[in-house]
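Single-letter residue listing:
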Amino acid sequence: MTMIPGLGIAKGMFLTLRRLFEPKATIRYPEVAADIPPRFRGRLQLLYDEYGNLKCETCFQCAQACPIECIDMGGFDTKGRYHVHWGPAETYGERREESALRRSGRPVPDAGYAHYPEIDTAAVDQILLEHDHDPARMLEILEATQLAYGHLPVAAMKRISFATGAWYAQIYGTATSYGHFRFRADDVEAGSDYLTALGGSLGGAPSERPRIH
Amino acid sequence: MTAAARGWDRLNLFGKALVIIVPIFVVVTFTAILAAILVLPIVVDVAAANLPIVRFFVAVTAILLVTIPTAFIVGYLELKVLAFMQTRIGPDRTSPFGSLQAVFHGFKMLIKEDFLPTRADAIVFTWAPVVVFLASIMTFLVVPFAPGFYGQDMNIGLLYVFAVGGLTVVGLLMGGWSSFNKYSLLGGLRSAAQMVSYEIPLTLSVVGLILLAGSMSLVTLVEQQSGSFLDWYVLQQPLGALIFAVAATAEANRAPFDLTEADSEIVAGFATEYSGMRFGFFYFAEYVNVFIISALFVTFFLGGWTAPFDWPWPVSGDINLGQLGVGLLLAALAIPLIGTLLFAAPFAVSRRRMPLWQALVIGFLLFNVVAVIVISLWAFISFEWVVGLFWFMGKTYTLVFTFIWLRGTLPRVRIDQLMGFAWKWLLPVALINLFATAAALVVVGK
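Residue numbers (numbering that gives the first Met the number 0), protein chains in the order written: chain A, 0 to 212; chain B, 0 to 445.
Keep in mind the hints are simulated off the structure, nothing from the lab.
Glycine residues also receive a C-beta, built at the ideal position from the N, C-alpha and C atoms.
Hints should not be assumed to be uniformly reliable.
Quick partial rundown of chain A residues pointing at chain B, CB under 8 Å, derived from the structure [as the list claims (entries may be wrong)]: (1) GLY11; (2) MET12; (3) THR15; (4) LEU19; (5) THR25; (6) ASP133.
Chain A on its own, in the form it takes in the complex:
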């Protein structure tokens, strides 16, 4: 029977004709929602607490319970000591460093990774005591600190942040928005030579005023 030419075409035509009258599989979404299996959980997502930290403690209970073994997780234990991993061995390795240069193992100078130098915090503690640890008097505190150390060391600003409760970023931002603060011992006031020269050429002197960097 298979030797009859055109039989396959006829069969196919009748198949499509039958499909024409079959009930349709389309679900008209906004009006009709599809039936979702009762154990469907949607996309897996880790939750954050109110401080912005991951609530996940890397206990692997979810990975153990996952019936289709789709959870594959890695991280550090709660003491931050050991790297732990659940699931099959990583093919590509977990990527902890974004820079390919640093991943290659060579030493790369990075100012952001260098630790700030320690200082003797007795002077800044005394200044904070005098100003009642009040973050509202931040400008006075910073000026007194500069007077005591000659510049504003990072350690001093960290100490001020810790004692007053103001965020370090806010203190640093406050300090950098004024022109008369210096952040390194060898730092001169930014652009002061140029401003003096400019003022001299115009027949005057630059005025003292806050500048925005």
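On the provided structure of chain A, position chain B as indicated by the hints.
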């Protein structure tokens, strides 16, 4: 502030619209009546003196106007039928049952950027879609839709159909060559090869018809088939009909021979660089082509406008509405109003909670449906050409459905299979069909 400005400010939006529209209507009406009195007699005289030219212009305008809804209907049918064959619903968002989907596709094409590639041949690039489109719709000029309802009854109609249809190749090559893109050029060459190959069996398949009918006029062809379906040429030329169907499918670039722009495989063949409405015209031409090959098949093999059997209730009457005189005008004014109120009444009475305007809207729609049915019935029994058009369109759209059905069923052939089939099978079979027809005619001694 003048009195006129104060008065204008006191009007609401509707009033302002009326104040603008009513004078325009008055002026237009006045001008129209003046023109009818002064200019119309001259125009009628000139037109009567040059009747063939007038007939040509009317036919061309009608064809241009008719092709647009035709392409939209065929495009919508394709979307919907293909969807149903794949157990989908298809378009149903844009309008009732998605019926305006193809129209919105057209609007989308209009909105898009009309892009011209760098170093493309701008003139040829612009005219290629026009040539393709014209080659498709010029066939309409000789298609006999109904008795007395055709653009021109040429005595070389059949030759004209194939000559004009062959122009499509020129358009495709123009598009492929002028795009300044090697893929477009390859696509154009490929479609040219395909269409030229299939043109030969396509033309040979209807030579048998010419021998049988003794004429190349399409109207004569249809008239020779009048009677019942036993007189249709498909029964005398089954092989010819089969060859014509296959070759015409390839000629119109339809599945399973749609290698020209094979949506799922290559970018777009000759139309790779086309965008906007220029691309839209290629698509337009494709859908018009589907209608045309169906219409030609109906004309050649399925008896054109003739009914497939003797109509058991030969109703025909001559209801001359002109007898009513002024009454006709009054009826035209009063019947829609009365009909709307009549159909709205049951809803307004039986459903208390339905607002009156809803009942009126339903009444108006129902009245429209009934009026269209009544008018169609009146036209059907009064005019012979309406009956012919009914049968012709019925057969043609059945064939259009068949072509879409084929597209939904058959997988696309390979280019070597396509060419091999044309030259190794279709051409010899078409020649055999021609010789057999000729020999049979000699034996019968017709």
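Taking the hints in turn, this is what the structure says about them:
The beta carbon of A/GLY11 is positioned within 8 Å of a beta carbon in chain B (closest approach about 5 Å), and the interface hint is therefore held. Evaluation of the A/MET12 hint against chain B yields a held restraint, the C-beta minimum of about 5 Å falling below 8 Å. A cut of 8 Å between beta carbons decides the hint on A/THR15: the least distance to chain B is about 5 Å, and the hint holds. Below 8 Å, beta-carbon pairs count as interface contacts, and A/LEU19 has one with chain B at about 5 Å; its hint therefore holds.
A distance limit of 8 Å between C-beta atoms decides the matter here; for A/THR25 the minimum to chain B is near 4 Å, and the interface restraint holds. With 8 Å as the threshold, the beta carbon of A/ASP133 stays out of range of chain B, its nearest partner Cβ sitting at about 63 Å, so the hint is violated.
Hint 6 from the earlier list is the only one contradicted by this structure; the remaining hints agree with it.
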